[in-house]
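Residues per chain, in single letters:
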Amino acid sequence: MRAFNRLLGLVVGLALVGGGGFCVVEVILAAIGHRFVVIPGRSWLASLRTTSWSTTTVLVVVAAIAAVGLVLFGAETRRWHRWRLELPTSARGARWWVSSRSLEAHVRRRVLAETLASRARLHLVPRRRRWKAKLKAVAPTSVRAEIEASVRKALDGVGAPPRSKVKVKISPPRKLA
Amino acid sequence: MTSPAAHRTVVAQAVAEAVKAVPGVARLSPGTQVEVATQYAGGKVIGVGLSAEVVFVHVVVDLLPVAPVAEAVRSAAATALASLGDRRRVEVVVEDLDLVDGRLPMSYRDLR
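Respectively, the protein sequence lines represent chains A and B.
For what it's worth, our numbering labels the leading residue of the first sequence as 1, then goes sequentially.
For what it's worth, our numbering labels the leading residue of the second sequence as 1, then goes sequentially.
Derived by calculation from the structure, the hints in this document are not laboratory data.
Mixed in with the good hints, there may be bad ones.
Stretches of chain A that chain B covers, calculated by requiring three or more beta carbons in the stretch to come under 8 Å of a beta carbon on chain B [what the hints assert, rightly or not]:
| # | stretch |
| --- | --- |
| 1 | 16 to 22 |
| 2 | 84 to 91 |
Sample of chain B residues at the chain A side, in silico, Cβ under 7 Å [stated by the list, open to error]:
| # | residue |
| --- | --- |
| 3 | 63 |
| 4 | 64 |
| 5 | 67 |
| 6 | 71 |
| 7 | 84 |
| 8 | 91 |
| 9 | 93 |
| 10 | 94 |
| 11 | 95 |
Ideal Cβ positions, reconstructed from N, Cα and C, are used throughout, including at glycine.
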């Protein structure tokens, strides 16, 4: 993901530099009385002067931009999965965190190793004083207590806040034909 | 008198060395989001980020529970900073729990 971001940043940066360079050249040429060279400036200007706001193309473009803006706004205001969780500490002025993905993977591995669960998915939600662990597992319903105990043990072993809430949802395994 | 850039490098390297010596620290980590590192001419110290008031240390831990290791990391980094006359606060982020040979960390194996 980091490599992709860097590559994307490079491509976007080069595109902006290229576009900006063209604009600078065109502006300089226009200022000294030349015609547009690369950009079809005259036809764009004519089009802008003659196109009204009620044209279908304009309405579609404006609606699309508004939709993209709403999606971005929604994405920004949505509460995303916290990427790190703060661990409780009694040390004065000290703060430390643990990566939530790593911790979820660790607890999931513990559950799979210690119980009859064949699949498990964990989601840790930090609260003010304790965490909430939501686990979905594929296992016989009779081992629910065992799975819950395994999650608690794994969380305690890591040093999660005491009395963290554990919620287990079990789907029974499908029988083979 | 060292330049601010050279001082940053010295601080980051001292913190990194102190943290790597803490039992339970498998390695320093660049983090999972934007890379955490202190850049200097010709290299970088991965896992140590310096801001005006806080020194961030990102580690991978191979010992449970996490809290005592994190506290030891904080303490080691704070001692290294103090020896350089730096009084910045230290914040520790455990980026991963490392399993030895696909098994559990040592302390967990002892619990079983």
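Within the stretch 16 to 22 of chain A, is the number of residues with a Cβ closer than 8 Å to a Cβ of chain B three or more? violated (count 0)
Classify the hint on residue 95 of chain B as holds or violated, based on whether any CB of chain A lies nearer than 7 Å to its CB. Where the cut-off is 7 Å and the nearest Cβ of chain A is about 5 Å from residue 95 of chain B, the hint holds.
Do the numbers back the hint for residue 64 of chain B, that is, is its least Cβ distance to chain A under 7 Å? 5 Å, holds
Residue 67 of chain B as an interface hint toward chain A, with CB separation required under 7 Å: 4 Å, holds
Proposed interface contact between residue 93 of chain B and chain A, which counts if any beta carbon pair is under 7 Å: 5 Å, holds
Chain B covers the stretch 84 to 91 of chain A, three or more CB atoms within 8 Å, holds or violated: Check passed, 5 qualifying residues.
Quick check on residue 91 of chain B please, does its C-beta sit within 7 Å of some C-beta on chain A? Holds, about 5 Å.
Min Cβ distance, residue 84 of chain B to chain A: is it shorter than 7 Å? Hint violated; residue 84 of chain B Cβ to chain A Cβ min 19 Å, cut 7 Å.
Interface hint outcome for residue 71 of chain B [beta carbon to chain A under 7 Å]: Status holds, d = 6 Å.
Quick one, is the residue 94 of chain B hint okay against chain A at 7 Å, beta carbons? 4 Å, holds
Holds or violated: is the Cβ of residue 63 of chain B closer than 7 Å to a Cβ in chain A? 11 Å, violated
When held up to the earlier numbered hints, the structure conflicts with 1, 3 and 7 and fits the remainder.
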